[in-house]
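Asks: The task is simple: from the sequences and hints, build the whole structure.
Just so you know, we're using the UniProt record's numbering here: the sequence shown kicks off at 1 and counts up by one.
Warning: the hint list may mix true and false statements.
List of simulated lysine to any residue pairs, SDA-like, C-alpha gap at most 25 Å [to be verified]:
(1) LYS173 - ASP15
(2) LYS173 - PRO198
(3) LYS173 - ASP234
Cβ pair distances, simulated, as ranges [stated by the list, open to error]:
(4) PRO202 - ALA299: 18 to 24 Å
(5) ASP152 - GLY113: 47 to 53 Å
(6) GLU285 - ALA185: 49 to 55 Å
(7) LEU42 - GLY16: 26 to 32 Å
(8) THR194 - GLY59: 28 to 34 Å
(9) ALA121 - ARG292: 44 to 50 Å
(10) ASP110 - LEU314: 19 to 25 Å
(11) PRO263 - LYS301: 22 to 28 Å
(12) LEU10 - TYR200: 20 to 26 Å
(13) LEU10 - ALA41: 31 to 37 Å
(14) PRO14 - ARG201: 17 to 23 Å
(15) ARG201 - LEU135: 43 to 49 Å
Please keep in mind that the hints were generated in silico from the structure rather than gathered at the bench.
Small disclaimer: the values here were computed from a predicted structure and weren't measured.
Backbone N, C-alpha and C fix where the C-beta goes; we use that ideal spot for every residue, glycine too.
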Amino acid sequence: MIIPPILPPLRSAPDGSPRRVGVELEFADLDAPSAAAAVRALYGGTVTQENPHRCIIAGTRFGTFTVELDMRSAHPGGGPKILDPLRPLWGNIGSLVMPFEIATPPMPFDRLGELEALVGALRERGAAGTQASPLFAFGMHLNPEVARTDGDYILDHLKAFLVLAPWLRGEIKVDPTRRLSGFIAAFPVEYAVTVVDPDYRPDRDRLIGDYLAANPTRNRELDLLPLFAHLDPDRLAATMADPHVRPRPTFHYRLPNARLGDPGWSLTADWNRWVAVEELAADRERLDQMGRDYRDFAARKALDSWAAEVASRLPTPIDPVAG
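Replies: Quick look at the structure:
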């Protein structure tokens with residue numbers, strides 16, 4: 001079943017251009033050249049193999065795709081140059097447990113559905129998703145460009161995500177290995193209770209400071225470090241030295257599984273769940289009421305039933321496919 005992408009309420013970037021979203025897909029059991037060939041067959045372009053574990057596909061109808069083993073030491077520049085001859089071997093070993101990743105160029109929201117063909121092509125070529133092995137903790141990351149960069153806009157989306165996160169986890173059925181890995185840790189409840197309070201309205205500078213104090217890690221379901229590194233690079237550089245944090249004017253939504261081996265999985269369905277966050281963020285009255293109610297559930301230690309409460313309040317189904 002083809003699921004059309006839902007468009008969020010705000011569709012223009014700060015410069016007035018249409019907002020776009022980048023997608024990162026993790027998988028195993030298919031090497032970089034084979035995955036790059038799948039991209040080229042669908043979208044055109046020219047493949048350049050930079051090393052045995054990284055390929056660039058430039059000139060596609062969307063822009064430039066990258067396919068690489070998600071392991072820095074497998075690539076030149078990932079450590080001392082004297083070790084470069086060993087990197088292909090390390091990559092061969094690392095690929096047994098580390099994922100390959102396809103990173104798409106920023107894409108128009110209404111063309112996300114065209115990536116479903118890539119998911120199918122990777123599956124047909126033997127790519128395995130997170131459900132294929134207890135060792136795999138593979139995810140799909142969405143990087144939607146922000147519509148604004150002011151504190152209220154960012155805060156409203158953080159509030160909306162915190163309110164909807166328990167429901168999102170249930171809808172996605174987050175893989176146990178991914179949850180145990182710590183790569184997508186939930187925000188601390190104490191922090192969530194503070195942020196969803198309608199009276200919590202810090203300016204952007206304080207919002208960033210509060211976030212960094214409570215979340216000195218990129219391993220969150222919704223990672224705001226790339227956005228904050230874009231907005232305040234000196235502060236982020238002084239606070240943490242993580243080479244994986246790349247400044248960009250996007251949210252970094254890391255919660256969805258990458259279930260490439262499952263014919264019933266749809267990346268568009270996971271995008272549509274993200275749009276529920278943007279829709280709530282755009283409705284201040286509903287956002288504040290759900291924030292108050294979340295705090296009430298937390299005070300009564302009843303957050304285990306909060307996901308069902310959220311589901312009962314969503315205005316429309318996100319998609320017709322369960323799970």
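Asks: Which numbered hints turn out to be false for this structure?
Replies: Numbers 1, 2, 3, 5, 6, 8, 11, in rising order.
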